[in-house]
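Participant: Protein chains in written order, with this note's numbering: chain X, 1 to 325; chain A, 1001 to 1264.
Certain hints may be false.
Between beta-carbon pairs, the in silico distance windows are [said to hold, decoys possible]:
1. W246(X) - T1233(A): 43 to 49 Å
2. K87(X) - M1001(A): 25 to 31 Å
3. E1184(A) - D306(X): 27 to 33 Å
4. P1231(A) - S64(X): 40 to 46 Å
5. D1066(A) - D280(X): 17 to 23 Å
6. E120(X) - S1219(A): 23 to 29 Å
7. T166(X) - P1231(A): 34 to 40 Å
8. V123(X) - D1020(A): 26 to 32 Å
9. D1066(A) - Q126(X): 34 to 40 Å
Not everything, but these chain A residues come out facing chain X in the computed CB check (under 8 Å) [unchecked claim]:
10. T1156
11. E1181
12. I1201
Which bits of chain A does chain X cover? Going by a derived footprint, with three or more residues having C-beta under 8 Å, they are [said to hold, decoys possible]:
13. 1077-1084
14. 1103-1111
15. 1141-1154
16. 1164-1176
17. 1218-1226
18. 1252-1260
By construction, these hints were calculated from the structure, which means they are not laboratory data.
We treat Cβ as the ideally placed atom computed from N, Cα and C, and that holds for glycine.
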Amino acid sequence: MSEYRGIWVYSENKELMLELLGKGSELAGKLNTQLTVPVLGHEAREHAKELAGYGAQKIVIVDSPQLREFQVEPYLSVLTQLTQQHKPELFLIGSTRRGKELAARLAARLNVGCIPDCQELDVDDQGRLLARRIVYGGNAIVTQVFRIKPQIVTIPRRRFEKAEYTETSKGEITAAENLQVEPSKTEIVEVKPIEVAETKIEEARMVVGGGRGLDKKEDFKILDELAQILGGQVGYTRPLAEDRKWFTEWVGLSGHTISPELYIACGISGVIQHVAGIRDSKIVVAINKDPEAPIMEMADYIVIGDLYEIVPALSAALRKLLAST
Amino acid sequence: MTRILVCIKQALDVSQLKVDSTTRRIITADAPKKISDFDKNALEEAIHVKEKHGGEVFTVTVGPEDAKTTLREALAMGADKAYLISDPSFENSDTLATSYILAEAIKKTGPFDLILCGEASIDSFSAQVGPRLAERLSIPLITYARKLDFDGDVVTAERSLEDSSQTMRAKTPVLVTVTKEINEPRIPSLMAIMKASKKEIVIWRAADINIASEKTGESGSAVQILDVLAPKTERKRIVIKGETPTETAEKLAKALVQEGVIGR
């Protein structure tokens, strides 16, 4: 096992890549080892230099026209070969949907383990990597260790701090040659961009959440108003995004995980997947007609009533209070 | 004839778990189990394909003896034949070991045109077995499908990623993992449940599919679980009530100010 040394990080998502570099540097310090980034693409040397500024000590460039855009098999085949050659002890991969598939398949090709969506990652006093993740639909946190290396872990967005850019840090840049790039087994027929909110709900101190208790998309204006008074943002549950197609993102285990100072759940029943996404909120308010709704178990303040009456009244009350202070 | 396989997991019913209040340990010993939700979507989609194109729907699970109940439910939904791959030595297998067992079982059942899995299981939610199985079988993979079209030789599927939605195409055999948005799983009728009791469940042990024992169970797993604990969350659960919505709202606003989360 000792032949495996070093930490590698990779994500096709640029923001997440910087977060992986941040966490990767921290762990490299604890494990007294080096941080390496593979850069896959075409004519990507400038990008490699930039990553060095973010703390990558070694950068391995794989330059090929076949790697111009992310496709699973070409990227997977290259990363598999690099991992076999360089033998890192730990490979952190960004937990996007593409990344999770990539990580699982990389682990399969290398015949090793993969712990996806780690919320916490640390090194214990025996030098073992401890990975914690949410399981049982948000009802439990499991702590796991690997029995074999390389250890593959995926990390969700906005879980760890981004690496800081330093002009002076320079990594050692090398080019990997003679790698086999496997052709893609699937064909992408069409790509439609999804509009993604520019503001990050994870960073909001106040979040007003809306669920199936809202009858029409237009009704969100009462939630928007409340959020505006609070200086916060509005979040949605998964059914509003995936079933009703009103929005493209949602708060919950499978979407955004948030930890605001205040979360006001309006017309949200509180299925466990949603609750798992708001569990770290400091104060939770639940406004719901149904006193039996599971969200009540999760709330500090409970209002049993019609959100269409309570929310505007709360906006008015807060406006009055804030004006007087 | 088109052969479709649906891989299902008998998962813990996560909505019914109990917690030991002193240790925060999750009590899984006699927790109720059910077909993992997204696997039902996979099964429903397989039945759609069969209804359109004909063919046979098979279902397989790796699990303990009582996973037969789960398979019976899958048969009631419309699967034609089920395989239970079960052996005491499989206990505590992780995704590495489980995908190995499934791949070996598929070697014995013969190839499929289409293999469907749920995007992830409701209990461990790791989304690993589907992709790992596609790798072991060296077949194309489409993950997170929310729409699927099968024409006998080609599978076209739509999937949502974080920044885009993609339409993907691949030649059969293909493995597809599906999300819950793809369909609404049927609830089997009493008639279907009765008919299912006559359908065949084949049980294979490790020896029946030439499983190397060191590759399964705890010893064949790459990941080891140290503990599973309930998260610490203690909420106040204070009910705010007024004569009118305005009064209720004012009481709530005051409480939030007292908490120090508002008015700073």
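Participant: Does each hint fit the structure? Answer for all of them.
Facilitator: Evaluation of the provided hints:
1. W246(X) - T1233(A): 43 to 49 Å: The hinted range 43 to 49 Å is violated for W246(X) and T1233(A), with Cβ atoms some 29 Å apart.
2. K87(X) - M1001(A): 25 to 31 Å: 46 Å, violated
3. E1184(A) - D306(X): 27 to 33 Å: This hint holds: roughly 28 Å between Cβ atoms.
4. P1231(A) - S64(X): 40 to 46 Å: Holds - the Cβ-Cβ distance for P1231(A) and S64(X), about 44 Å, lies within 40 to 46 Å.
5. D1066(A) - D280(X): 17 to 23 Å: With Cβ atoms ~36 Å apart, the hint is violated.
6. E120(X) - S1219(A): 23 to 29 Å: Between E120(X) and S1219(A), where Cβ atoms are some 27 Å apart, the hint holds.
7. T166(X) - P1231(A): 34 to 40 Å: Roughly 36 Å apart at Cβ, these two residues keep to the hinted range, so it holds.
8. V123(X) - D1020(A): 26 to 32 Å: 29 Å, holds
9. D1066(A) - Q126(X): 34 to 40 Å: Cβ of D1066(A) to Cβ of Q126(X): about 37 Å, so the range 34 to 40 Å holds.
10. T1156: 7 Å, holds
11. E1181: 5 Å, holds
12. I1201: Violated, about 27 Å.
13. 1077-1084: violated (count 0)
14. 1103-1111: Answer violated; 0 residues pass the 8 Å Cβ test.
15. 1141-1154: holds (count 5)
16. 1164-1176: Coverage by chain X holds for the segment 1164-1176 of chain A (7 residues, Cβ < 8 Å).
17. 1218-1226: holds (count 6)
18. 1252-1260: holds (count 7)
The structure fails to meet hints 1, 2, 5, 12, 13 and 14 from the earlier list, while all remaining hints are met.
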